[in-house]
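Chemist: Build out the structure end to end from the sequences listed, making use of the hints.
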Amino acid sequence: MLMEGVFTRRQLQVGVRISMAKLVHYGFIFVGFLLALVALGVQLRDVTIIAGALGIGIGFGLQGIVVNLVSGLILLFERPIKVGDYIELGQKWAEIKKIGLRATVVETFDRAEVVVPNSDLVSTQVTNWTLSNRFIRLIIPVGVAYGSDVSLVMQTLMECAEANSMVTRVPTPKVFFLAFGESSLDFEVRVWISDVENRRQVQSDLHQEIDRRFRELGIEIAFPQRDLHLRSIDESVSSRSISPKGQPLSVVSREEDDGEGE
Numbered sequence: 001m002l003m004e005g006v007f008t009r010r011q012l013q014v015g016v017r018i019s020m021a022k023l024v025h026y027g028f029i030f031v032g033f034l035l036a037l038v039a040l041g042v043q044l045r046d047v048t049i050i051a052g053a054l055g056i057g058i059g060f061g062l063q064g065i066v067v068n069l070v071s072g073l074i075l076l077f078e079r080p081i082k083v084g085d086y087i088e089l090g091q092k093w094a095e096i097k098k099i100g101l102r103a104t105v106v107e108t109f110d111r112a113e114v115v116v117p118n119s120d121l122v123s124t125q126v127t128n129w130t131l132s133n134r135f136i137r138l139i140i141p142v143g144v145a146y147g148s149d150v151s152l153v154m155q156t157l158m159e160c161a162e163a164n165s166m167v168t169r170v171p172t173p174k175v176f177f178l179a180f181g182e183s184s185l186d187f188e189v190r191v192w193i194s195d196v197e198n199r200r201q202v203q204s205d206l207h208q209e210i211d212r213r214f215r216e217l218g219i220e221i222a223f224p225q226r227d228l229h230l231r232s233i234d235e236s237v238s239s240r241s242i243s244p245k246g247q248p249l250s251v252v253s254r255e256e257d258d259g260e261g262e
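Residue numbers for the sequence shown follow our numbering, so the first one is 1 and each next one is one higher.
Taking lysine to aspartate or glutamate and the EDC-like style, the derived pairs with C-alpha atoms no more than 16 Å apart in a straight line are:
{"#": "1", "residue 1": "K92", "residue 2": "E197"}
{"#": "2", "residue 1": "K92", "residue 2": "E107"}
{"#": "3", "residue 1": "K92", "residue 2": "D110"}
{"#": "4", "residue 1": "K82", "residue 2": "E95"}
{"#": "5", "residue 1": "K174", "residue 2": "E188"}
{"#": "6", "residue 1": "K174", "residue 2": "D186"}
Hint data in this document are derived by calculation from the structure and do not stem from the laboratory.
Model, not experiment: these values are computed from the prediction.
Modeler: What follows is the structure in C-alpha cells.
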C-alpha cells in the first residue's frame with residue numbers, strides 16, 4: 001500500500017507502478033534471505049562464492065529469461081511504450097494492456113491477447129502510433145476512368161474529406177493527382193484524424209461518401225481492363241497453313257505491337 005501511494009503521487013503509469021512494485025518486492029525478499037543467512041551464522045563470503053557459481057550455471061540455463069527481465073527494466077525506465085499505446089509489431093496492430101518484467105500483454109483488434117517477450121519489443125522494430133500523440137494520417141487511393149473531368153474529381157474528393165467530422169482541419173486535407181495509371185487516372189486523398197483508434201471507421205466513411213458522390217456526378221471508378229484487337233487472315237495465307245497430307249499445320253501465335261495502346 002505504501003509503494004502504491006508513492007507511485008500514484010509520482011503519476012506513473014499503471015503498468016510501471018505494478019512492475020516497480022514487483023521489483024521492490026523481489027528486492028526485499030532477496031535482502032531478507034541474506035539477513036536470514038547472516039542470522040544463521042553463515043559467512044557472506046561463502047554465500048558470495050556459492051552465489052557466483054550458481055549464477056554462472058543459472059545464467060546459461062535461464063539466459064532467455066534473464067534477457068527478458070533486463071529488457072523489461074529497459075522498457076520500464078526508457079518507456080518507449082506504455083499501457084494504452086497502439087503499436088504495430090510485424091504485420092499486427094495491437095494495444096498495450098500490461099507491461100511486466102518478463103513479458104508484455106497486447107490485445108489485437110480481434111480481441112486476442114498475445115504475450116510478447118520483452119526482448120522482442122527491445123530488439124526488433126516496433127512502430128508506436130501513440131508515443132507522443134494519437135494523430136495519424138490516412139491515405140485513400142482513388143482511380144477514375146480515363147476521360148473523367150480531373151478538376152471535378154479533385155474538387156469532389158476534397159469536399160468528401162472536409163465533410164467528415166473526424167477529419168482534422170489543421171493539418172488540412174490534401175488531394176493529389178498522382179499518375180496516369182495503366183487503366184485509370186490515379187488520385188490520392190490524404191487526411192489527418194485526431195485518434196488512431198478511429199482510422200478504420202474514417203476510411204469506411206470516406207469510401208462510402210466518395211462512392212455516393214461519384215455516382216451522383218457520373219464519375220466512373222476505374223477497374224482493370226484489356227482491349228483485344230482481332231485481325232482477319234487472308235484466305236491465300238490460311239490455305240498455306242494446310243500440309244501436303246491434308247493435315248493443318250501447327251500455328252504458333254504471338255502478340256504483335258501495332259503501336260496501339262491496350
